[in-house]
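Enquirer: Hey, can you work out the whole structure from these sequences and the hints?
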Amino acid sequence: MAFGKGCHLHLIDGSAFIFRAYHALPPLTRKSDGLPIGAVSGFCNMLQRYVEGNVGGDVTHVAVIFDKGSHTFRNEMYDQYKANREAMPEDLRPQMPLTRDATRAFNIACEEIEGFEADDIMATLARQAREAGGACTIISSDKDMMQLVGDGVVMMDAMKGNKIIDTEGVHEKFGVGPDRVIDVQALAGDSVDNVPGAPGIGIKTAALLINEYGDLETLLDRAEEIKQPKRRQTLIDNRAQIELSKRLVTLDDTMDLPFTLDDLEVRDPEPDVLLEFLAQMEFRTIVKRVSEKLGVEAPVIEETSADVAQDAPEQPPFDAEKYEWLKDATALQSWIDRIYARGYVAVDTETTGLNEMVVDLVGVSLCVEAGEACYIPLTHKGGTADDLFGNDELAKDQMDFEACLAILKSMLEDDSILKIFQNAKYDCKIFKRLNIDVAPIDDTMLMSYAMNAGTHRHSMDVLSESYLGHTPIPIKPLLGTGKSAITFDRVDVAEAVKYAAEDADITLRLWELLKPQLHKKQVTSVYETMERPLVPVLAKMEMSGIKVDRDTLSRMSNAFAQKMAGLEDELYELAGHKFNVGSPAQVGEILFDEMGLEGGKKGKTGKYSTGADILEDLATEHDFPARVLDWRSLSKLKSTYTDALQTHINAETGRVHTSYSITGANTGRLSSTEPNLQNIPIRTDEGRKIREAFVAEEGKVLVALDYSQIELRILAHVAGIETLKQAFRDGHDIHAMTASEMFNVPLDEMTSDVRRQAKAINFGVIYGISGFGLARNLRIPRAEAQGFIDRYFERFPGIRTYMDDTVAFAKEHNRVETLFGRKIHTPEINAKGPQAGFAKRAAINAPIQGTAADVIRRAMIRMDDAIAHLPARMLLQVHDELVFEVDKDAADDLIVAAKNVMENAANPVVKFDVPLVVDAGIGATWAEAH
DNA sequence: AGAGTCACG
DNA sequence: GACGTACGTGACTCTG
377 MAFGKGCHLH LIDGSAFIFR AYHALPPLTR KSDGLPIGAV SGFCNMLQRY VEGNVGGDVT
437 HVAVIFDKGS HTFRNEMYDQ YKANREAMPE DLRPQMPLTR DATRAFNIAC EEIEGFEADD
497 IMATLARQAR EAGGACTIIS SDKDMMQLVG DGVVMMDAMK GNKIIDTEGV HEKFGVGPDR
557 VIDVQALAGD SVDNVPGAPG IGIKTAALLI NEYGDLETLL DRAEEIKQPK RRQTLIDNRA
617 QIELSKRLVT LDDTMDLPFT LDDLEVRDPE PDVLLEFLAQ MEFRTIVKRV SEKLGVEAPV
677 IEETSADVAQ DAPEQPPFDA EKYEWLKDAT ALQSWIDRIY ARGYVAVDTE TTGLNEMVVD
737 LVGVSLCVEA GEACYIPLTH KGGTADDLFG NDELAKDQMD FEACLAILKS MLEDDSILKI
797 FQNAKYDCKI FKRLNIDVAP IDDTMLMSYA MNAGTHRHSM DVLSESYLGH TPIPIKPLLG
857 TGKSAITFDR VDVAEAVKYA AEDADITLRL WELLKPQLHK KQVTSVYETM ERPLVPVLAK
917 MEMSGIKVDR DTLSRMSNAF AQKMAGLEDE LYELAGHKFN VGSPAQVGEI LFDEMGLEGG
977 KKGKTGKYST GADILEDLAT EHDFPARVLD WRSLSKLKST YTDALQTHIN AETGRVHTSY
1037 SITGANTGRL SSTEPNLQNI PIRTDEGRKI REAFVAEEGK VLVALDYSQI ELRILAHVAG
1097 IETLKQAFRD GHDIHAMTAS EMFNVPLDEM TSDVRRQAKA INFGVIYGIS GFGLARNLRI
1157 PRAEAQGFID RYFERFPGIR TYMDDTVAFA KEHNRVETLF GRKIHTPEIN AKGPQAGFAK
1217 RAAINAPIQG TAADVIRRAM IRMDDAIAHL PARMLLQVHD ELVFEVDKDA ADDLIVAAKN
1277 VMENAANPVV KFDVPLVVDA GIGATWAEAH
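Under the working numbering, the first residue of the first sequence carries the number 377, and numbering increases by one thereafter.
Hint data in this document are derived by calculation from the structure and do not stem from the laboratory.
Honestly, I wouldn't trust all of these hints.
[What the hints assert, rightly or not] With a straight-line Cα cutoff of 25 angstroms, these simulated DSS-like cross-link-like pairs (lysine-lysine) come out: (1) Lys519 x Lys458; (2) Lys1264 x Lys1065; (3) Lys916 x Lys954; (4) Lys519 x Lys1208; (5) Lys698 x Lys757; (6) Lys757 x Lys896.
Expert: Structure representation (structure tokens):
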């Protein structure tokens, strides 16, 4: 078919696909010869997904366009063009020709031309398509391509869920239409491509100028008229450079191409060719998927020798039909025999929900060898998914619950059998409630966290996708959504077998893959001493829960409600009408439009910002913002704490059981959910009262132990600041000390205000301080804040050195480390955009926050044994604090024992130059104990 | 679903 | 007057 009206051309930016694939995937190698093929694998996955997504679509022509060579006509114009590009990574280079082969294997046109960038080829093709009366979609997120949009040409951003960027989208990005994009780019320049532009002018200013003068040429001709002197001079002085920049960013859409649009017609892949290529690359998962889609037999991929394949054992394809439905004790016994012959087993539980303190066990799946897994349904109901009031009789062909558990118990508790889980804490708690103490264990989620914290999350879906190239069967279609959702015990057993057994299968495969990598990445000791042992400790704490007094909360709730109602009336009065106080948008309108107050700033969504800092500034002059702040504070306390907390009181235990996430924070900190007990108020008196609802049982007390200034102590140690270390050894007030050093004020003449400022700086340093940030925090002029920082670094040069060294390490290794060897990855550290700034500060903070997290983890792991002889249990962890419940008369003993563990938690691995000090408090409530 | 806000260390 | 700007979290509410 000749390209013309009604035709639709897709142009895929090949380089973008490759780089995305390269960075998204771990460095995979071909098993037979070790050839790096991670990027090719991801590239093929993306092409396959692209092809699948277009079945039945209106695309008639398609091509993948690549860059060829690094020297283009733009380098002739300007030798610095793209000169700041980093060299291509070593393991990516050999993959480049393979991506071309892959494209051809998919039977998609593959084009590149020496001396031109892919962008120019795409520009030319887009113009040709437009002139022929057809449509064109450019699949790329490169903003350089935005000049092509309009008249039937759009862009599609594959990174952002195939978001379509049309003329309006271009306007959002550049503030001008597609026809003026190059004018804006010429002025703003581009640090990524090293296009100079006009110094000091960015996209915002550039768009402003272009919109005012119409186009770049007019602007430059009339530059003398610009009011702002600096801007005027910049444009006059840099005219040549700006004009050069425009030539650099302008795509050449008039190339002579050795092919025509007609050559790009969509062709179905030829199964033989495609599969042969994929098999040659040894992409087992894609081979399987493609052969299924095309309805042909998958080619056999040669087995590789065992010594090469050690790290990544040969994997049979996933086949849900092969999973076994265990129906009786005989069948189970034969699985138990297999497990004993192996010495390990992957286990997964299915339950009626996600809250492991409430839900019931529905079934158990086991896997001893990749591809071979079983599911033991136990309490599935007879009714089907459609049968809403389905009978509660048990479905057929299920083992007796007690009989099954009795058999499993002896295996799960057997020292000689390793039980492998993905997120072991969940399953261990389910079993613990059934009186089964699972041990020993391994946890693939924690392995992934130990190796790759910071690079990706660690859920089964993510791990399966990135390490096995397999998308697990989704649970949604089985359970449904919204009101009609059912629990797993109502899922048809045959379907449940496939889903549940697959989870065990995936877990086992992940374990086989990840376990040997722990050593290579040198995190075995992190995993074995700070991740895995935490599982039983946290499981026990979570199951203990903490007693929360419902009446106290309920009374507070009512009081808050009354106060809020009063404030609402006052606010309506002040505004002159009713409105929703909880709506920031409405509050903003009233403040800045209706009342006409100064200082209204609109964010990206076009709404006024009404955050506490802004309202606080206004509150000194006006009642309205002050009342809104009061209302918000009450609303927060009521909805998040006094109301929500009550719903979390467990009906059976009368206590609140949080769930800690071991992998929730990249730094090694825990996080707490449902409910979050790590953010219970304390900073205001009113909020602090919430802690009065956290109580000890009759005859017992709560004990709170917290590390004093642990992060600053760690900073003093790692940066080697003798003055600060000595101050800690002498037990001095560290903030006063800092103030004294910085401002040359003797300690006995210190004012609280000076101390407060020093404290802010001390904390700021831990966070990767900036003059702007400190200025905002202290509400002082920026220059003054910068002065403080300069003086701080002058006085403590070791801290500057530490920060520089840490950032340099991160840039070289893409990660930082804690003193205990925990690795925290900082993948954005070498990025070009503003992400790099965030990554830099995160890199500075991570070793400090992470080392503190490691210390308390070590304390928690040792705590069980240390307090075993006492009538006490550990209930909560709040980053630098542990909360215990203990018999009244044993409280003092507990404090001695627990304090000892905490203060010595770093030993013997790390010998701190500063003492770790722990403060203790006792009380009937958490408020008193703190 | 995402943004805004605010609670904690 | 390029941009944005202190680290790490989770829950609730409004809004499109």
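Enquirer: A separate judgement is required for each hint: does it hold in the structure or not?
Expert: Hint check results:
1. Lys519 x Lys458: OK: Lys519 and Lys458 at ~15 angstroms, within 25 angstroms.
2. Lys1264 x Lys1065: Answer holds: Lys1264 to Lys1065 is near 22 angstroms, not above 25 angstroms.
3. Lys916 x Lys954: Violated, because 50 angstroms separates the two Cα atoms, which is more than 25 angstroms.
4. Lys519 x Lys1208: Since the Cα atoms of Lys519 and Lys1208 sit roughly 15 angstroms apart, the hinted pair holds (cutoff 25 angstroms).
5. Lys698 x Lys757: Cα-Cα ~24 angstroms, so holds.
6. Lys757 x Lys896: Judged against 25 angstroms, a Cα distance of about 47 angstroms means the pair is violated.
Going down the numbered hints, you'll see the structure goes against 3, 6, while the others check out.
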